[in-house]
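There are 6 protein chains.
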Amino acid sequence: MNTVSRFPVPALADLPEDIRARIVAVHDKAGFVPNVFLAWAHRPDEFRAFFAYHDALLEKAGGLTKAEREMIVVATSALNHCHYCVIAHGAILRIRAKQPLLADQIAVNYLSADLTPRQRVMLDFAVKVAERSHEVSDEDLAALRGHGMTDDEIWDIGAIAALFALSNRMANLMALRPNDEFYTMGRAAK
Amino acid sequence: MNTVSRFPVPALADLPEDIRARIVAVHDKAGFVPNVFLAWAHRPDEFRAFFAYHDALLEKAGGLTKAEREMIVVATSALNHCHYCVIAHGAILRIRAKQPLLADQIAVNYLSADLTPRQRVMLDFAVKVAERSHEVSDEDLAALRGHGMTDDEIWDIGAIAALFALSNRMANLMALRPNDEFYTMGRAAK
Amino acid sequence: MNTVSRFPVPALADLPEDIRARIVAVHDKAGFVPNVFLAWAHRPDEFRAFFAYHDALLEKAGGLTKAEREMIVVATSALNHCHYCVIAHGAILRIRAKQPLLADQIAVNYLSADLTPRQRVMLDFAVKVAERSHEVSDEDLAALRGHGMTDDEIWDIGAIAALFALSNRMANLMALRPNDEFYTMGRAAK
Amino acid sequence: MNTVSRFPVPALADLPEDIRARIVAVHDKAGFVPNVFLAWAHRPDEFRAFFAYHDALLEKAGGLTKAEREMIVVATSALNHCHYCVIAHGAILRIRAKQPLLADQIAVNYLSADLTPRQRVMLDFAVKVAERSHEVSDEDLAALRGHGMTDDEIWDIGAIAALFALSNRMANLMALRPNDEFYTMGRAAK
Amino acid sequence: MNTVSRFPVPALADLPEDIRARIVAVHDKAGFVPNVFLAWAHRPDEFRAFFAYHDALLEKAGGLTKAEREMIVVATSALNHCHYCVIAHGAILRIRAKQPLLADQIAVNYLSADLTPRQRVMLDFAVKVAERSHEVSDEDLAALRGHGMTDDEIWDIGAIAALFALSNRMANLMALRPNDEFYTMGRAAK
Amino acid sequence: MNTVSRFPVPALADLPEDIRARIVAVHDKAGFVPNVFLAWAHRPDEFRAFFAYHDALLEKAGGLTKAEREMIVVATSALNHCHYCVIAHGAILRIRAKQPLLADQIAVNYLSADLTPRQRVMLDFAVKVAERSHEVSDEDLAALRGHGMTDDEIWDIGAIAALFALSNRMANLMALRPNDEFYTMGRAAK
Chain F
124 MNTVSRFPVP
134 ALADLPEDIR
144 ARIVAVHDKA
154 GFVPNVFLAW
164 AHRPDEFRAF
174 FAYHDALLEK
184 AGGLTKAERE
194 MIVVATSALN
204 HCHYCVIAHG
214 AILRIRAKQP
224 LLADQIAVNY
234 LSADLTPRQR
244 VMLDFAVKVA
254 ERSHEVSDED
264 LAALRGHGMT
274 DDEIWDIGAI
284 AALFALSNRM
294 ANLMALRPND
304 EFYTMGRAAK
Chain P
124 MNTVSRFPVP
134 ALADLPEDIR
144 ARIVAVHDKA
154 GFVPNVFLAW
164 AHRPDEFRAF
174 FAYHDALLEK
184 AGGLTKAERE
194 MIVVATSALN
204 HCHYCVIAHG
214 AILRIRAKQP
224 LLADQIAVNY
234 LSADLTPRQR
244 VMLDFAVKVA
254 ERSHEVSDED
264 LAALRGHGMT
274 DDEIWDIGAI
284 AALFALSNRM
294 ANLMALRPND
304 EFYTMGRAAK
Chain Y
124 MNTVSRFPVP
134 ALADLPEDIR
144 ARIVAVHDKA
154 GFVPNVFLAW
164 AHRPDEFRAF
174 FAYHDALLEK
184 AGGLTKAERE
194 MIVVATSALN
204 HCHYCVIAHG
214 AILRIRAKQP
224 LLADQIAVNY
234 LSADLTPRQR
244 VMLDFAVKVA
254 ERSHEVSDED
264 LAALRGHGMT
274 DDEIWDIGAI
284 AALFALSNRM
294 ANLMALRPND
304 EFYTMGRAAK
Chain L
124 MNTVSRFPVP
134 ALADLPEDIR
144 ARIVAVHDKA
154 GFVPNVFLAW
164 AHRPDEFRAF
174 FAYHDALLEK
184 AGGLTKAERE
194 MIVVATSALN
204 HCHYCVIAHG
214 AILRIRAKQP
224 LLADQIAVNY
234 LSADLTPRQR
244 VMLDFAVKVA
254 ERSHEVSDED
264 LAALRGHGMT
274 DDEIWDIGAI
284 AALFALSNRM
294 ANLMALRPND
304 EFYTMGRAAK
Chain A
124 MNTVSRFPVP
134 ALADLPEDIR
144 ARIVAVHDKA
154 GFVPNVFLAW
164 AHRPDEFRAF
174 FAYHDALLEK
184 AGGLTKAERE
194 MIVVATSALN
204 HCHYCVIAHG
214 AILRIRAKQP
224 LLADQIAVNY
234 LSADLTPRQR
244 VMLDFAVKVA
254 ERSHEVSDED
264 LAALRGHGMT
274 DDEIWDIGAI
284 AALFALSNRM
294 ANLMALRPND
304 EFYTMGRAAK
Chain Z
124 MNTVSRFPVP
134 ALADLPEDIR
144 ARIVAVHDKA
154 GFVPNVFLAW
164 AHRPDEFRAF
174 FAYHDALLEK
184 AGGLTKAERE
194 MIVVATSALN
204 HCHYCVIAHG
214 AILRIRAKQP
224 LLADQIAVNY
234 LSADLTPRQR
244 VMLDFAVKVA
254 ERSHEVSDED
264 LAALRGHGMT
274 DDEIWDIGAI
284 AALFALSNRM
294 ANLMALRPND
304 EFYTMGRAAK
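Protein chains in written order, with our numbering: chain F, 124 to 313; chain P, 124 to 313; chain Y, 124 to 313; chain L, 124 to 313; chain A, 124 to 313; chain Z, 124 to 313.
Hint data in this document are derived by calculation from the structure and do not stem from the laboratory.
All residues carry an ideal CB built from backbone N, CA and C; glycine is no exception.
Hints are not guaranteed to be accurate.
[What the hints assert, rightly or not] Okay, the calculated beta carbon distance ranges per label pair: (1) Y:ASP151 - F:ASP168: 15 to 25 Å; (2) L:ALA148 - Z:ASP168: 53 to 63 Å; (3) F:THR126 - Z:ASP141: 27 to 37 Å.
[Stated by the list, open to error] Distance condition first, Cα-Cα at most 25 Å in a straight line; then the derived DSS-like pairs of lysine-lysine: (4) L:LYS189 - L:LYS221; (5) F:LYS183 - F:LYS221; (6) Z:LYS152 - L:LYS251; (7) A:LYS152 - Y:LYS251.
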């Protein structure tokens, strides 16, 4: 029951050098290796593409804050019932937002979470992209601009929701198990 | 109404060399530049990650045929009402499968399309990953293996459905317009 | 797999004279006999009632154009995943509208099709009748009148959506197969 | 609030002779004119087609009993929230089945109604045709045959569900009001 | 098929005195014992809690009328397909509202029932609480106040919808059968 | 934003003696007063009925364990997006089950949680009662008995799901805010 993935998980020694280096770097920073790195390494080319995409959107400077980017991940992953993404990115959100309650609030019902009006508008749009993107209209973009969002921010909101549409489905396909460490990270009050 | 994308589309001359080279190569092969390349080039890093992911799954040798991979794209993109993906990948499917009717059949209702039993099982699983991946179970994988699918093929089915969960949402976010050429490609009987 | 219907299809020679005459007339005009005529002739009284209803709404002069009437058929049939109706009426729409791309656009997502504002309002209402007619309100009719629709046009929009609610279910019940000819009709640019 | 329809209702004297004759005959038999006749007469050709279709399926001898045919109408009309059809055909069902409770039971939840196993199978299939006809499969028909249904009965079940898919949408479009008489007809125990 | 509940129904003689007294009182008033009392008495503590809750909300004086409270029960129970609650409370509504048609109208589609504007607003909110309470917002409450509802009335609307969310599920769990008497009560015109 | 409820919250001194005593007892045991007690005390009779119902089902000895009862609360409250119930009962579940990860797993997707086969069957049934109780059948109960469930346990599963159908709707109506204490309770490994 406690295996990391439904698919084979390669040994670190068997991985291509660039992937092993990334995993070692993550371990050195976090103190453990999040299971997503080990499980996705089953397919090195897909690993490289996924994390390149991830870094381009989640580690990007400017525009949305890093905490806001994680809010999008948690809100949409909760709607997709993605065990790994809600638990792991909930932890990252707690740390980045320095609000220990926010991740759980968003995971249950972002409509009742402690959000600023801008964050609420952001998550409304992210959820629309996640659940019924074919209804996204020019009027939606005009409304977001009316709330002060730039076109680059609008793309980022939609693109993060889209990337985790992929990520949630892959994690559910793998039955990817979150590391126990994530459940308690960042829970102490700031 | 006939613009390619809701977001800025860069001029070819302004693109990084690797992206321009890819676009030129596509043009030389297809005789035109599919709009997805121009529109996604608005974000070079995301362009690179997306097409690397795409090539790893759609151009892969062995296991699923290339036509089967396109069937997954068309079936799941139709459920997401993705204008670009259904029209463009419908054309590619017609060409790869050498069955001029199949793409339209799958786009309307894959349950009544001219599929082999193996293809039907493949699309049932792809649609489950696309629509309710959190219900994917060990029993689903056992059933697929019972139909002769290898674990590598099972991953590919799920991963293609997951990649186009992303792609459909991005195309809908951009209001990405398919090139007129796609509508008629591959319609002549084999 | 390539049979026309799940139910018996009568030979032309065995049909009542009026039904045979209708089928001969269709053949002379189109160059082939659309399968819907042969399959529905299994029940002559229902054949007569259905085509009388069909002609009253689809061949009617004045008000909505014939192309607009077919747009309603394609948009609602796509939501009901009706293989026969989307393929056959898509062909008729291409011919009547003299817009070779419009039928496929509407079949995938009418919200992103090349529609006039009047056509968009028309399809929004048709889809509401098709999917949640119990929510149709006096306010909906007032809004349509505000867009210049007459009460006769409003009835026609709703009645065509209602007739194809029947037709889609019958075609799906029969597993009615569209003739191969429909897939390519009207695809040449005007 | 108490008008019969959202659209014009013609005076009896203004109707074509055949339609007036039908309405007079109904009045003589029932003691009142059900509103559906008056409202649909707004469009004489559609009136003729609808009632020809209706009679072909609801008044047909052999196969399904007339009460069973009405059960299909009530079960599917309830799911479409069709005020007129549930109230009017509920009354007809009470009279035809000589079971005063059955119509209300089916209207609320056919799964808990006093049905024979054959009737339950019949309504399961009718509801599938009403709600997701694109999923009807050869296996469904084989199962119905296994419960002793003939192919003619299977067509009838599906066709009645399809006809009331039309009828429910038209009644909801018109806001067709059931006559007060229907609410109490057939409620006395047999 | 005609049993009262899927679970054991205690004999009157075996019940605790307070519960028996309540049942005797109901019998003396109504002339029969509604099955809900007998079936729920299988669990005396839950019986006491349920009817205490019920009386606090349905028998309350002031604010919403007793008929309005029953409208909420019928509208939300119909959406939950609760056989017992729609039939039994439909009868009570007929009696309390002195409108013999209203209960059936609300059960089929409250949107087309003979409601005052205030009652329509009341049922819109009750249905929102019943079906998607997590979307209830401060704006909803402000709108209700704008229609003249007090905060005590707003609580009552939501609380009755919430209580019958429980009651509908319990009745469906038990397969609780309504007494035959309910079907005809209150049908005579006032 | 940080208020406890949308409705007035009475001062402890203003409460009836029995309610105040209950609240004092809870405070003495837990070290704080969960907001549900304060907010529901706005309506003393409903407070008494709710907590009587709650205690009858959640504090009951025998049959389901107390941890299993809390699993039902968390699984169904998550589907109803009830902020208060998921956070507060998640804490109670962590403490009662002595499994610090289980509550978060069930809240995201009980299908991928660390459950025994018996617990999985229990939650499948609880979710069916919560979401589509009108489909509960005799076959469902037979299957539960086949997994060793007694009829008393089956009632309890359904009744807890039903009680929290009420509780979730009330908490969402009130916008009931969970106490900060709940988020971290029981997270230390056993």
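So if I understand the rule, the pair passes when the alpha-carbon distance is 25 Å or less; does LYS152 (chain Z) with LYS251 (chain L) pass? With Cα atoms ~54 Å apart, LYS152 (chain Z) and LYS251 (chain L) exceed 25 Å; violated.
Review point. Range hint 27 to 37 Å: satisfied by the CB atoms of THR126 (chain F) and ASP141 (chain Z)?
Key: At roughly 52 Å between Cβ atoms, ASP141 (chain Z) and THR126 (chain F) fall outside 27 to 37 Å, so the hint is violated.
query: Per the hint of 53 to 63 Å, is the separation of the Cβ atoms of ALA148 (chain L) and ASP168 (chain Z) within bounds?
result: Because 59 Å falls inside the window, the suggested range holds.
Do the alpha carbons of LYS183 (chain F) and LYS221 (chain F) lie within 25 Å of each other, as the hint requires? Judged against 25 Å, a Cα distance of about 19 Å means the pair holds.
field: 25 Å Cα cutoff - pair LYS189 (chain L), LYS221 (chain L)
entry: Holds, at roughly 11 Å.
Between the beta carbons of ASP151 (chain Y) and ASP168 (chain F), is the distance compatible with 15 to 25 Å? violated (58 Å)
Checklist entry - LYS152 (chain A) and LYS251 (chain Y): Cα distance at most 25 Å? => result violated (47 Å)
In the structure shown, a violation is registered for the earlier hints numbered 1, 3, 6 and 7, in ascending order.
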